Amino acid sequence: MKAPFLQQKSHKRKTLIFGILLLSLGTVLQLFAADDSGYFSVTGPCNLEFPKDHGSHSGYRTEWWYYTGNVDSENGNRFGFQLTFFRSQLSPAGASRHWPKPASQWRTQHIYLAHAAISDLAGGRHLHAEESSRGALGLAGVALNETRITTVHLKNWYAKIGPENQHLKAATDRFAFDLELIPTKKPILHGEAGYSRKGRASESASCYYSFTRLKTRGSLTLNGKTFAVEGLSWMDHEFSTAPLEPGIVGWDWFSLILSDRTELMVYVLRQKDGTINPASSGTFVDPDGNSRHLTKEEFRVLVLDSWKSPNSEALYPVRWRLSVFPLSMELSIVSNLADQELQTTESTGVTYWEGSVSITGTANDHRIEGQGYVELTGYAKAFDAPM
Amino acid sequence: MRSLVFFLRLFSWFSLRHIGKHWFQAMLVLFGIALGAAVFTSVRLSVHASLRSFTSSMNHIAGRTEKVLARPGGFLPESLVSAIINHPSVRNASPMLSGYVQHFGADKEPFLLIGIDPILDRPFRSWQIAKGKPRKVGMWLDLLKEPYTLILGGALARQYGYAPGEKIKLEHSRQTVDFRIVGVLAPENLALAEGGRLALTDIATFQEFTGLYGKIDRIDLRLQPEQTAENFQNIVSTLPPGVIMSSPSERRESGQAMIRAYQLNLSILSFASLFVGMFLVYSLVALNAASRRHELAILRSTGASARLLFLIFLAQGTVFGLAGWLLAIPISSFLIKYLLHGVSQTISTLFVRVTVEQLSLNSWEIFLSFMVTIFISVLAAYLPAREAMQVSPKEALSIAEHSEQADKPTLRLAGLGIFFIVLVWPLSKLPGYAGVPLPGYIATLLLFTGFAMLSPWILEQLGKALAPKLRRLGGMPAYLAGRYIRGSGNRTAISVGALITAVALFVSLVIMIHSFRQTVQLWAYQTVSGDLFATTKMGEVNQFRYPLSPEVIRTLTTLDAPVDLVPNRRYFLNYGKFPYEFELLDVVTFLRYGSYVWLKGPSETAIHRLISGDGVIVSEVFSNRTGLTVGDLFRAQIETSLVELPILGVVRDYRTQGGVVFYAMPHFKRRFHDPKWGGVRFFLRNRNQNLDAAVVSLRREIIEKCGDQLGMISGKELRQSILKVFDETFAITTILLFIAFVIAALGITTTLAVLVLERTSQLNTLYAVGASFGQIRRMIFWESILMVIAGETAGFLCGLILSYLLVFVINRQSFGWTFLYGLDLKALVFSLPLIILTALMAALPAIRLVFRQPPAMLLRER
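Protein chains in written order, with the working numbering: chain A, 1 to 387; chain E, 1 to 862.
What the hints contain is simulated information worked out from the structure, not anything from laboratory work. Incorrect hints may appear among the rest.
[Said to hold, decoys possible] Simulated crosslink set (DSSO-like; lysine-lysine; CA at most 30 Å straight-line):
| no. | chain 1 | residue 1 | chain 2 | residue 2 |
| --- | --- | --- | --- | --- |
| 1 | E | K67 | A | K101 |
| 2 | E | K169 | E | K215 |
| 3 | E | K669 | E | K577 |
| 4 | A | K272 | E | K131 |
| 5 | A | K215 | A | K169 |
| 6 | A | K308 | A | K296 |
| 7 | A | K101 | A | K169 |
| 8 | A | K101 | E | K167 |
| 9 | A | K225 | E | K600 |
| 10 | E | K826 | E | K724 |
| 11 | E | K716 | E | K705 |
| 12 | E | K537 | E | K826 |
| 13 | A | K225 | A | K52 |
| 14 | E | K724 | E | K669 |
| 15 | E | K215 | E | K724 |
| 16 | E | K169 | A | K101 |
| 17 | E | K577 | E | K67 |
| 18 | A | K101 | E | K577 |
| 19 | A | K215 | A | K186 |
| 20 | E | K577 | E | K600 |
| 21 | E | K215 | E | K577 |
| 22 | A | K215 | A | K225 |
| 23 | E | K826 | E | K169 |
| 24 | E | K167 | A | K169 |
| 25 | E | K705 | A | K101 |
| 26 | A | K101 | E | K537 |
[Stated by the list, open to error] Selected chain A positions facing chain E (in silico; Cβ < 8 Å):
| no. | residue |
| --- | --- |
| 27 | W99 |
| 28 | P100 |
| 29 | P102 |
| 30 | S104 |
| 31 | Q105 |
| 32 | R107 |
| 33 | I111 |
| 34 | R134 |
| 35 | L139 |
| 36 | I149 |
| 37 | T151 |
| 38 | K155 |
| 39 | N156 |
| 40 | D173 |
This one's a predicted model, so the numbers in the text were calculated from it and none came from an experiment. Cβ coordinates follow ideal geometry from the N, Cα and C atoms, glycine included.
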């Protein structure tokens, strides 16, 4: 028996899927786009339950687990980090009925992609790596074990989501990190109890929750040198089926962890004509972990400065003024490093900017500061070759 | 600069005009050298095209692979992929399965189907779907999404006329399935492997199609940078038993080495044509030098230095080489059409599978052919040029038509020739180097040179001994011919030398091919015995990697027909870089009907020990190539087992791709692991019935019970096909031999022509003193008979020695095998007179030259 919102239905309309981090997945979705029929659609309240919903939601076309954070080493060096796992479903659940019998162990409906990045703010460099694999033969997948720990893994990169803490591990030939994350607030459900609308139609939506403040501690290795680090991180988990709404060219997503123990998430969906899509919205989390949904009219983002990537020649904003009117919040956001661009030719094929930012400003006339992450997509031309 | 212009002018006046005046001889020489250069160039370009195709195919398939994990003779468990991919020293890993399949109902020419994980494989191999309609981003993902989809290579799509979206029915040993064509590969990178005759599919589809569930052929690896030996060891230590890590270059290099060895063999053979062509250049330049001594002396007396004369004659050789090489271009383009296909087919049959779509012009090969042609032409002109250099200015005052040629003492030359021939013996005992029979080739060259040096003495002796007898036999013309031949010197000898070379090549190749064929025939009837052979469909092209299913085995063992079964399993392995087959078979039943052609150790004890599973027997090729022989220990990793067994005997085997090691199948199963049946050969118990009809009936029963799952061939057909392959392989040799003959015949024509022209006034004087035209022509004819007989006799002797070199030295060093030596008397008895006849026919144009000009005119000129 499926939950009411898990209606299995066919829909042909191109509607806006949501997703901050869908930024990068925008092209992933195109790359992996299949016939719409047969996938589950998000059309109502998500009724999220944990730890079950930390896991994979097979039947929905797209899903991601997104970690970003800022940490400091003992000697005062600051680093930003990102670890993202994407799941893309190739065909609807029923398609497996047509598989040969017996089917090969390699046969699967799921592809996993992952991006990892380090921003060495003191060293002024941004390193990133990517992985991809089919979800078969233990190469990638999501599993919940008997100790209620959900593991999302791709090859030897993983995120473990337990009742008490979370564990991230990624290693590349140039950098690695091994971090333990302890949530200080319960999961925040965005939109209407996790049902986060991204367009006019009811199915133009996703199920979306976040851990907005995760105390982070562990080690980070850069070019063979290992640092003990600690700081704060943010985690998003989201799944959906709907493709992007026509007219959207990209989005700017902000996840800000502020010094007054509040957090703010805002995303702005940019349209071809330069206007902002009405589906743009945000969530404010107070010190006690209560959330407040923010509509497009309740905030404004102004770009103050830009940086041109020498690699992709894309012009990215790197300094913003963010105003949240009901909270009397005026924030100045500036990237900690201009070049935090990712060119993911080996996995999603998307070029985007995902970077560590610093925040200063006021909230209700109180001075605040903070650290966060911003994601910018649609500024560079999407990669258009599978191989 | 001025001196160069002067030289060119002088060369043009002195040499080119003369050549132009005697254009007929010049054209013959040019044609000869061109033919030789064309054969040499076309053979090398053809083999090079195969080599290039093989190398590029291997490189494209290997892609950016640094190391390969595989299990010799077997498969890897697919579970190894996730273990190895997470190894800290491993950067990327990609599993692969590949095998040959065929298009159902089409030409049945198998093509390569590659099963990969397109995502994991991305860092290893590059390929693109060709632009066209329909085209959307991520079309390749259909391979993962949809079972039985593939991307077709361009050559296949063109051949069968398929477009994306259409279905293609493919056959494999297990089943026949419709595949949807997702796209066609753009002609680049991986798509160029196998000449574009390949298709890509998802690894899941490959397993489902072939039934290889849980198995993969190999895992390609890319390692983290700066790996140490310790890291490698660390990877190796984590591997399951029997899995080895090797470099992708190993298989490529072993294949390349085989093709290169073949290229060298053919080059040497084709060089023979060029070598014979060299005699032609020599004879014409030598004639010029000899017949124009008076003019040379005048040149010397008017101030030309000896060096200048030397250079003029050297330049003559160069011009012949250059013009011959240019003339070789159109001849090569014609020849290559025939050679390209034949050579690639031979290489596919003998060594490794190659698909040559088109000829690629290799600048090195063209440069090489140019240099070799020029070099041998200059070399041929060297001695005449030296002679020209020695002309004294005093000779200008001589009234004699020709001053006496300072003929080299024939005895001294013969002594040197015999010394060279004697050297052949110790050289034939030396080992080859890296599969190249260098001592054998040097021995061959010395043999030819030795006989060429011996030929003036032979002619002298022949003339001396035969002249009186010839008078009785053919009257005065024959006597005069004998006398002339006796004193004709080196110039005639050179032409005879060319004939010796051609005849020797002919005789030795006839003997070698005959010995080879007879031995192969014996081997085919004894070792490849059996009335019907059955294996999985496309078993051979897939190296028998897919064993028979238990159901099929059950059916085959319960047939109604009264037959004995000899099951077998063949593993294709490598001993170092040397490829060989490890063949398991039921030795007891096999020996009841067939036998081995023993070379070493055919004792009762050895056979008894083989039957008891106490050891292996190895083929001669395996023994020669690996150095292992009776009493040594054979050691190999075969699937999961490490096999260590003593070698009991060496047998002859002419399987084309390397050597063979035989072992008793039941004992392998007992001592190591179950190898499963790869194929079965059937022996009809009743040998007194109509065997052909019984085989047809047996085949029918198998098809009725097993369907079309098996590939079957009757023993008779198989043995015939082995001999057919043999004959086809030697077709190229025969062509080269024929061309060498044509050139040798040209040599006879040229030599006689120049002898006639040189003696025009002598002949006219003969006429003037009463000889008739007929007598003089008969005299020339007798001269040619003597030359041909001398050439053929010496050539026959030379050929006998050469045949020994070919059978016991060059073949052993090149291919590892020898044969039972046998003279093909019938072929020799029929063909040698035919050669005489052909050579005499070649003399006709020269005879016709006599008295082309009226004698009175010529005498008046003097």
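Right, here's what the structure says about each hint:
1. E:K67 with A:K101: Violated: K67 (chain E) and K101 (chain A) sit about 34 Å apart, past 30 Å.
2. E:K169 with E:K215: holds (24 Å)
3. E:K669 with E:K577: holds (27 Å)
4. A:K272 with E:K131: holds (29 Å)
5. A:K215 with A:K169: Roughly 16 Å between the alpha carbons, so the hint for K215 (chain A) and K169 (chain A) holds.
6. A:K308 with A:K296: holds (28 Å)
7. A:K101 with A:K169: violated (37 Å)
8. A:K101 with E:K167: holds (21 Å)
9. A:K225 with E:K600: violated (65 Å)
10. E:K826 with E:K724: Measuring from Cα to Cα gives roughly 21 Å; hence the hint holds.
11. E:K716 with E:K705: Since the Cα atoms of K716 (chain E) and K705 (chain E) sit roughly 23 Å apart, the hinted pair holds (cutoff 30 Å).
12. E:K537 with E:K826: Given pair K537 (chain E), K826 (chain E) is violated - Cα atoms ~42 Å apart, limit 30 Å.
13. A:K225 with A:K52: Distance ~38 Å between K225 (chain A) and K52 (chain A) Cα, so the pair is violated.
14. E:K724 with E:K669: Outside the cut-off at roughly 35 Å; violated.
15. E:K215 with E:K724: The given pair, whose Cα atoms are some 37 Å apart, is violated under the 30 Å limit.
16. E:K169 with A:K101: holds (19 Å)
17. E:K577 with E:K67: It holds: about 16 Å lies between the C-alpha atoms, which stays within 30 Å.
18. A:K101 with E:K577: violated (40 Å)
19. A:K215 with A:K186: Holds. K215 (chain A) to K186 (chain A) sits at ~13 Å (cutoff 30 Å).
20. E:K577 with E:K600: holds (25 Å)
21. E:K215 with E:K577: holds (25 Å)
22. A:K215 with A:K225: Between K215 (chain A) and K225 (chain A) the Cα gap is close to 23 Å, so the pair holds against 30 Å.
23. E:K826 with E:K169: Cα-Cα ~52 Å, so violated.
24. E:K167 with A:K169: Since the Cα atoms of K167 (chain E) and K169 (chain A) sit roughly 45 Å apart, the hinted pair is violated (cutoff 30 Å).
25. E:K705 with A:K101: Holds: K705 (chain E) and K101 (chain A) sit about 24 Å apart, inside 30 Å.
26. A:K101 with E:K537: Roughly 22 Å between the alpha carbons, so the hint for K101 (chain A) and K537 (chain E) holds.
27. W99: holds (6 Å)
28. P100: holds (4 Å)
29. P102: This hint holds: P102 (chain A) lies near chain E, its Cβ roughly 7 Å from the closest one there, short of 8 Å.
30. S104: holds (4 Å)
31. Q105: With Cβ-Cβ at 6 Å, under 8 Å, it holds.
32. R107: Result: holds, 4 Å to nearest chain E Cβ.
33. I111: holds (7 Å)
34. R134: holds (6 Å)
35. L139: holds (5 Å)
36. I149: violated (19 Å)
37. T151: Since the shortest Cβ distance to chain E is 14 Å, the answer is violated.
38. K155: holds (6 Å)
39. N156: OK, holds: N156 (chain A) within 8 Å of chain E, min 4 Å.
40. D173: Nearest chain E Cβ about 5 Å off; hint holds.
The structure fails to meet hints 1, 7, 9, 12, 13, 14, 15, 18, 23, 24, 36 and 37 from the earlier list, while all remaining hints are met.
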